[in-house]
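*Asks:* Spelled out from the first residue to the last, the chains are:
There are 2 protein chains.
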Amino acid sequence: MNNFVYDIPVKVYFGQNQLHHLGEELAKYGRRVLLTYGGGSIKRIGLYDEVMKQLKEGGFEVYELSGIEPNPRIESVREGAEMCKRHGIDVLLAVGGGSTIDATKFMAAGACVDHDPWDFLSEKWAPIEKALPIISILTLSATGSEMDSGGVISNPETQDKIGRMAPPMLPKVSFLDPTATYSVSKFQTACGAADMMSHILEVYFNMEQDLYMLDCFMEGMMKTIIRYTPIAMEQPDNYEARANLMWTSSWAINGFIDGGKRQAWSCHPIEHELSAYYDITHGLGLAIVTPRWMEHCLDETTVSKYVQFAVNVFGVDASLPPMQIAREGISRLSDFFFKTLGLQSALSEIGIDRTHFPIMARKACGKGVLKGFKHLVPADVEKIFEMSL
Amino acid sequence: MNNFVYDIPVKVYFGQNQLHHLGEELAKYGRRVLLTYGGGSIKRIGLYDEVMKQLKEGGFEVYELSGIEPNPRIESVREGAEMCKRHGIDVLLAVGGGSTIDATKFMAAGACVDHDPWDFLSEKWAPIEKALPIISILTLSATGSEMDSGGVISNPETQDKIGRMAPPMLPKVSFLDPTATYSVSKFQTACGAADMMSHILEVYFNMEQDLYMLDCFMEGMMKTIIRYTPIAMEQPDNYEARANLMWTSSWAINGFIDGGKRQAWSCHPIEHELSAYYDITHGLGLAIVTPRWMEHCLDETTVSKYVQFAVNVFGVDASLPPMQIAREGISRLSDFFFKTLGLQSALSEIGIDRTHFPIMARKACGKGVLKGFKHLVPADVEKIFEMSL
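Order-wise, the sequence lines are chains L and X.
To convert, note that position 325 of the first sequence is 324 in numbering that gives the first Met the number 0; the numbers rise steadily by one, no gaps.
To convert, note that position 148 of the second sequence is 147 in numbering that gives the first Met the number 0; the numbers rise steadily by one, no gaps.
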């Protein structure tokens with residue numbers, strides 16, 4: 000078990016009608032606010048008007064940057080950083096899902112430096128020592144960006160999609176209102192669930208000696224996702240379902256479950272290549288890749304973790320032979336993604352063929368080896384892509 | 000499900016040999032340190048020397064207050080608050096278990112006011128608006144004081160034992176080193192486990208609609224306590240066991256599991272009367288009272304929660320009739336406390352008779368009704384005491 004530092008000072012207002020606290024929280028950081036959002040769904044659900052009402056009542060000077068893309072692009076980040084500098088912004092208010100919050104984080108960091116924000120993500124890996132304060136209002140349960148310090152940005156020019164974490168980018172305050180996710184479509188609800196599931200599996204599948212109490216928590220969160228996602232898809236305004244998914248999205252990736260483990264993610268770097276090359280929904284890519292990755296990594300040395308997963312999360316009969324239990328676990332997970340949630344189960348179904356597999360596999364392995372649950376070289380990743388076809 | 004605010008900005012250094020960070024953390028708050036501790040066990044295990052070495056290297060001006068009692072007394076709090084004022088203390092460093100940290104919190108608050116610190120706890124309920132910063136180094140997994148804003152103080156003159164939470168008393172930083180608990184006796188390890196178990200049960204037993212993901216987490220923590228306490232008692236230097244118990248002690252009561260529920264504790268106010276009148280170990284009193292309280296509150300309206308507990312925590316056969324499952328759950332919990340952990344199972348075994356039952360029951364009910372899982376009036380509490388005899 001490794002030492003760790005736990006430090007998650009994000010304040011969360013959870014529940015309905017909490018936005019009347021927005022003004023008091025923003026005012027701690029200043030008067031000039033950059034409001035960022037995506038494609039306008041926040042106008043459709045009335046959230047934009049509610050936010051503007053609060054901002055007006057609080058007497059804030061508001062600048063707006065809309066149109067942040069899913070798989071947010073460096074161009075939006077550049078624009079946001081530029082606006083912060085031009086208008087002397089004090090605090091950024093991100094209203095949306097993970098893409099909006101991710102992009103806003105890099106705007107906040109970009110506002111504090113003279114160089115191109117892509118330098119944070121390119122090989123230059125410029126230091127992120129400061130960022131303007133960020134407050135978020137979440138509208139999609141998925142990435143956990145509302146309670147972590149990371150973000151993922153795409154650069155269509157270079158076909159790169161790169162993630163990075165840095166403590167200054169941690170939101171100061173996040174507003175989590177389950178009713179703000181009522182209008183999320185079945186498909187996006189399912190993709191969000193796959194994303195959360197993957198965040199947990201990336202940490203859970205680990206052969207280090209670790210904290211059993213955290214394994215129990217991860218199993219509990221996975222059971223929560225399995226229980227409530229179908230309900231949220233069938234009854235989009237089921238508060239209990241939306242609330243459970245929302246709070247789980249934050250805790251699946253805020254750092255708590257990593258305690259005592261080395262970080263060693265596999266499916267996310269693999270999937271990032273898919274969405275970099277094909278701009279697919281991140282959660283969908285994860286759903287397709289994850290069970291194949293599990294299959295690829297299963298052997299006598301790793302089987303015990305699969306058994307723990309299958310028995311504790313899916314209630315597979317513990318008296319069966321371990322390899323059978325493990326395969327049953329993978330099969331149940333596939334069924335959850337592709338039957339229960341109805342997600343497409345193969346890359347070929349979403350227009351991806353093997354054209355770019357070799358280059359994507361090499362890029363996923365960065366400097367040659369993807370050091371995850373099992374270490375993967377480009378040939379392994381190519382095989383996982385082939386299995387996913 | 001109720002709205003809630005999540006806000007736990009305590010930074011935790013978890014693991015071995017992390018004390019080299021002590022100086023940098025203290026220095027954020029100043030140079031004059033009041034070091035507080037209990038009966039000297041920190042000297043026996045070498046922790047005192049290690050702390051003093053760090054303080055010396057950091058060039059801090061150190062004042063010491065030792066001898067803080069289990070069930071810490073207002074007299075110690077008064078002395079500490081006085082020392083803070085006299086020496087212009089900048090930051091308090093509590094080294095010990097929950098008693099030391101609890102007392103230190105009220106010293107830190109007392110240092111910021113002109114009145115007697117007991118006014119924070121007496122009927123005056125003086126506001127706690129400020130406190131000097133606190134850093135803690137934990138040596139006993141039990142109360143969770145290292146990551147919450149509360150404390151419980153005894154006043155032997157009035158035979159009161161009263162708890163209170165206040166955000167300014169939240170530690171800024173806590174050091175959790177599982178090896179610092181290696182020397183904790185079997186009995187104190189068992190009492191600590193009972194205390195943690197009770198912190199969880201007080202929240203878990205609740206009939207409000209709530210967050211399933213948090214129920215899963217609570218069940219996971221209870222399974223962790225059940226799994227690792229016997230190991231820690233038999234192998235006091237088992238790192239995995241001590242680490243799991245230590246991190247569970249913090250999360251059992253730092254506020255996370257309360258999300259969406261109204262606070263409604265029962266066994267703690269009942270036990271506080273026992274330790275106020277008889278100065279018994281808090282965890283032991285909780286172990287004796289808790290199963291009887293569960294028995295008293297079991298009926299057709301509450302049985303579903305007992306079933307969930309028995310099945311998910313103790314693996315009781317879910318196909319049995321609900322009342323039978325519920326009783327089996329209580330019986331397994333009793334066995335855990337009184338057989339597995341070997342704690343005394345009755346008040347009469349620890350020298351408590353019914354002399355003060357009526358007055359203790361009245362005091363436990365405060366203004367007449369103890370509004371917990373089931374509302375209790377003094378006659379109910381007296382019955383629970385009688386069942387515990």
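Fair warning: there could be bad hints in the mix.
Claimed, not checked - The following residues of chain X were derived to be distant from chain L, with all beta-carbon distances above 12 Å:
1) Asn-1
2) Asp-48
3) Gly-149
4) Glu-156
5) Pro-177
6) Asp-209
7) Ser-318
Claimed, not checked - With beta-carbon atoms standing in for the labels, derived distance ranges:
8) Gly-57/L to Leu-319/X: 44 to 50 Å
9) Arg-261/L to Pro-321/X: 41 to 47 Å
10) Gly-39/X to Glu-60/L: 39 to 45 Å
11) Leu-319/L to Asp-298/X: 52 to 58 Å
12) Gly-29/L to Val-4/X: 19 to 25 Å
13) Val-4/X to Met-51/L: 19 to 25 Å
14) Ser-330/L to Gly-39/X: 54 to 60 Å
Simulated from the structure, these hints should not be mistaken for lab results.
Even glycine gets a Cβ: it sits at the ideal position worked out from N, Cα and C.
*Asks:* Next, verify each hint and record whether it holds.
*Replies:* Structure-based check of each hint:
no.: 1; hint: Asn-1; in the structure: 7 Å, violated
no.: 2; hint: Asp-48; in the structure: 21 Å, holds
no.: 3; hint: Gly-149; in the structure: 19 Å, holds
no.: 4; hint: Glu-156; in the structure: 40 Å, holds
no.: 5; hint: Pro-177; in the structure: 9 Å, violated
no.: 6; hint: Asp-209; in the structure: 9 Å, violated
no.: 7; hint: Ser-318; in the structure: 14 Å, holds
no.: 8; hint: Gly-57/L to Leu-319/X: 44 to 50 Å; in the structure: 57 Å, violated
no.: 9; hint: Arg-261/L to Pro-321/X: 41 to 47 Å; in the structure: 45 Å, holds
no.: 10; hint: Gly-39/X to Glu-60/L: 39 to 45 Å; in the structure: 59 Å, violated
no.: 11; hint: Leu-319/L to Asp-298/X: 52 to 58 Å; in the structure: 40 Å, violated
no.: 12; hint: Gly-29/L to Val-4/X: 19 to 25 Å; in the structure: 22 Å, holds
no.: 13; hint: Val-4/X to Met-51/L: 19 to 25 Å; in the structure: 23 Å, holds
no.: 14; hint: Ser-330/L to Gly-39/X: 54 to 60 Å; in the structure: 59 Å, holds
Figure legend: structure checked against the earlier numbered hints; hints not met, in rising order: 1, 5, 6, 8, 10 and 11.
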